[in-house]
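Top to bottom, those sequences are chains X and Z. Take 16 as the starting number for the first sequence in this note's numbering and just add one per residue. Take 856 as the starting number for the second sequence in this note's numbering and just add one per residue.
You may find that some hints are simply not true.
For each label pair, taking beta carbons as the anchor points, the in silico distance ranges come out as [said to hold, decoys possible]:
{"#": "1", "chain 1": "Z", "residue 1": "Ile-1052", "chain 2": "X", "residue 2": "Arg-341", "range": "35 to 41 Å"}
{"#": "2", "chain 1": "X", "residue 1": "Leu-326", "chain 2": "Z", "residue 2": "Val-1076", "range": "36 to 42 Å"}
{"#": "3", "chain 1": "Z", "residue 1": "Pro-986", "chain 2": "X", "residue 2": "Ala-110", "range": "38 to 44 Å"}
{"#": "4", "chain 1": "Z", "residue 1": "Phe-993", "chain 2": "X", "residue 2": "Phe-209", "range": "34 to 40 Å"}
{"#": "5", "chain 1": "Z", "residue 1": "Asp-1103", "chain 2": "X", "residue 2": "Thr-237", "range": "52 to 58 Å"}
Here are the simulated DSBU-like cross-link-like pairs (lysine-lysine), alpha carbons at most 35 Å apart as the crow flies [said to hold, decoys possible]:
{"#": "6", "chain 1": "X", "residue 1": "Lys-155", "chain 2": "Z", "residue 2": "Lys-892"}
{"#": "7", "chain 1": "X", "residue 1": "Lys-342", "chain 2": "X", "residue 2": "Lys-155"}
{"#": "8", "chain 1": "Z", "residue 1": "Lys-892", "chain 2": "X", "residue 2": "Lys-258"}
{"#": "9", "chain 1": "X", "residue 1": "Lys-258", "chain 2": "X", "residue 2": "Lys-342"}
{"#": "10", "chain 1": "X", "residue 1": "Lys-342", "chain 2": "Z", "residue 2": "Lys-892"}
Just so you have them, the derived chain X footprint on chain Z, three or more residues with Cβ under 8 Å [said to hold, decoys possible]:
{"#": "11", "stretch": "936-944"}
{"#": "12", "stretch": "990-1000"}
Simulated from the structure, these hints should not be mistaken for lab results. Since the model is a prediction, treat every value here as computed from it, not as a measurement. For every residue, glycine included, the Cβ atom is placed at its ideal position computed from N, Cα and C.
Next come the chains, spelled out residue by residue.
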Amino acid sequence: MTSTSTPSRAADGGALRPEVVHPVRTGRAPRPAGRRRVPVAPYLFVAPAVVLFVVFMLVPLLYTIWSSLRAYRIELGTSVLGVRVDRFVGFENYAAVFQDAELLASFGRLAVYGLIAVPLTLGLALLFALLLDVPAVRAKRFSRTAIFIPYAVPGVTAALLWGFMYLPLTSPFSYVTEALGWGPVPFLEGNGLFGSLANIAIWGGVGFNMIIIYTSLRGIPTDIYESARLDGASELQIALRIKVPLVVPALVLTGVFALIGTLQLYGEPNTLRPLTTDITQSWAPLMTIYRDAFLTDDLPSAAASSTVLALGTVLLSALVLGIANRKRSEAAS
Amino acid sequence: MTAVETRPARRDGVGSVSDRGRGGRSGTRGGPGGAGKVLPTVVLLIGAIYCLVPVAWVFVASSKSPGELFTSFSFAPGTGLGANLAELFTYEGGQYLSWAANSLLYAGVGGVLSTFVSTMAGYALAKYSFPGRDAIFFMILAGVLIPGITLAIPQYILLSEIGLAGGPLSVLLPIIISPFGIYLSRVFAQASVPQEILEASRLDGAGEWRTFRHVVLPIMVPGMVTVFLLQFVGIWNNFLLPFVMLSDEGDFPLTVGLFTLLAKGSGAPALYSLAITGAAVSIVPLVLLVLFLQRFWRLDLISGGIKG
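Let the hints inform the model, and build the full structure from the sequences given.
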């Protein structure tokens, strides 16, 4: 039964598949099995992924770009009131994106938030990973597990927890400062919001990134450290001169993911909105995009802003990866 | 012993010498006396406390009655735990339980399907060479960089065109494709599936599917567990996609459900207690799952994955 459906049992009839039989008889020739002729199997294996990719990523992407180049216009037709038509307008929506002060301001807020959240998340993750790798440190498993726990808490739930930590009536921090006569900490007002929102992202991201970097550290053969120690290097020197350069690939990867995550900020500020009046409906770009698409029914604007946001994300990530690659090839040469 | 596995080939050096050991003597030689040992421990413990404080708070707060929530000190336990739980599980006819069941459904079924699709694709991209392979792989890699969340709105519009938006399928279908999962599966297949074993299986007369099913899949289990966990947690934590897609509160997962409770809370503060208790209860199973499954992760896939 099996041999009928599969042609590979051609051991004696070598003519059918000589190139498979030969290397096995003579020993080993390093030859990928699929190279015999155009095979069917790999296409079947990748088919579900490719179909889903096309339907749920490529088509929505092209659809977004397509609708970003169009706009709804009221045109005088045969009826007196005019009809709403959907027509091609080129880059008009993009021009509008870059002239929309509120949208530009939200990109600015996102940048400030990202400049706080991304470096601190990565810096703390690297610090904790290096400390976990110091031989004499105590209570390692407890610290590692505790720092990792926020990974299992959804961003929206994290925003809920921290929201109450920020809210003057329930905040333990404001409780202390009020007891000291300083009044509540302005977590949810004005510029305090940037730190408060960034803190939620840092809290949620530091543990996972720490584990990635720590795993990378554990993959380094320890004899490198032994010889450095014999040469009289301190643990700090070993960490900075040997360990950090060796985990740069892990840092780059976590950096890119942190960046992509940052630019998708949506759930956290949206969750905090009931607790403060300082988060508007257009605080973050994605909030504006959501509003345009669903509340004000201005899909072309939403599509243009989406494209700018996605393109910005891809360009920034590619830039980080490109710089990292160049640095690495420079170091190698 | 260690929760995070390191690559087997390199384990010999580190191996069983875990947290505790690894050249304990050198601590005194390197750092400035006792400080080299105490300071790192203290910094790590501060980090641990920082991460635990909000979680500890939500459990304490879930014991407070709505009146106590805004009047007693944050970490003073209250008297309303039983009432809060009863209220939570009976709210709107047990809606919280159906949110939990939905989260489990989306994350569980979505995670399993996504893992299989990723594993098959990753294996094919790693172990076969066929026309179009590099183009497909490049496309997948580019997909890793696309912020998935910006696709939620066009996905919604396109799914409404074919009448699928609004129901559970609209949340399940888009999350099955995971470019990063495919990428990880490819890395894992490349590193762990020997070409010889494929040749041997084919010579034994096994077809490509049989070889995949009986030879490749067992080898790829650790990679699959990793992809599954990443996907499970990712879907469980997802907010915007179900928020955009779903119209019926009965279909909401926990994230969207808790969000609506909190949003309604600004008008009815009693719902704050409900949202807090709901958050506390929802954290427990996922933390347990992640802690339990940590040991099966092969995160070196990610940390070393970019080398190629």
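Consistency of the hints with the structure:
With their beta carbons about 38 Å apart, Ile-1052 of chain Z and Arg-341 of chain X fall inside the hinted range of 35 to 41 Å. Here the CB-CB span from Leu-326 of chain X to Val-1076 of chain Z is close to 38 Å, well matched to the stated 36 to 42 Å. For the pair Pro-986 of chain Z and Ala-110 of chain X, the supplied restraint of 38 to 44 Å holds, since their beta-carbon distance comes to about 42 Å. Range check, Phe-993 of chain Z to Phe-209 of chain X: about 37 Å between beta-carbon atoms, so the 34 to 40 Å window is met.
About 56 Å separates the C-beta atoms of Asp-1103 of chain Z and Thr-237 of chain X, a value consistent with the hinted range of 52 to 58 Å. Distance restraint check for Lys-155 of chain X and Lys-892 of chain Z: the Cα-Cα separation of roughly 12 Å lies within the 35 Å cut-off, and the hinted pair is therefore satisfied. Simply put, Lys-342 of chain X and Lys-155 of chain X have alpha-carbon atoms about 33 Å apart, close enough for the 35 Å limit, and the pair holds. Proposed proximity of Lys-892 of chain Z and Lys-258 of chain X is supported: the alpha carbons are some 18 Å apart, at most 35 Å.
Between the alpha carbons of Lys-258 of chain X and Lys-342 of chain X the distance comes to roughly 17 Å, so the proposed pair stays at or under 35 Å and holds. For the hint linking Lys-342 of chain X to Lys-892 of chain Z, the alpha-carbon distance of about 34 Å falls within 35 Å, and the restraint holds. Restraint check on the stretch 936-944 of chain Z versus chain X: 0 residues with Cβ-Cβ distances below 8 Å, three needed, restraint violated. Under a criterion of three residues with beta carbons nearer than 8 Å to beta carbons of chain X, the stated coverage of the stretch 990-1000 of chain Z is upheld, 6 such residues being counted.
Checked against the numbered hints above, the structure violates only hint 11.
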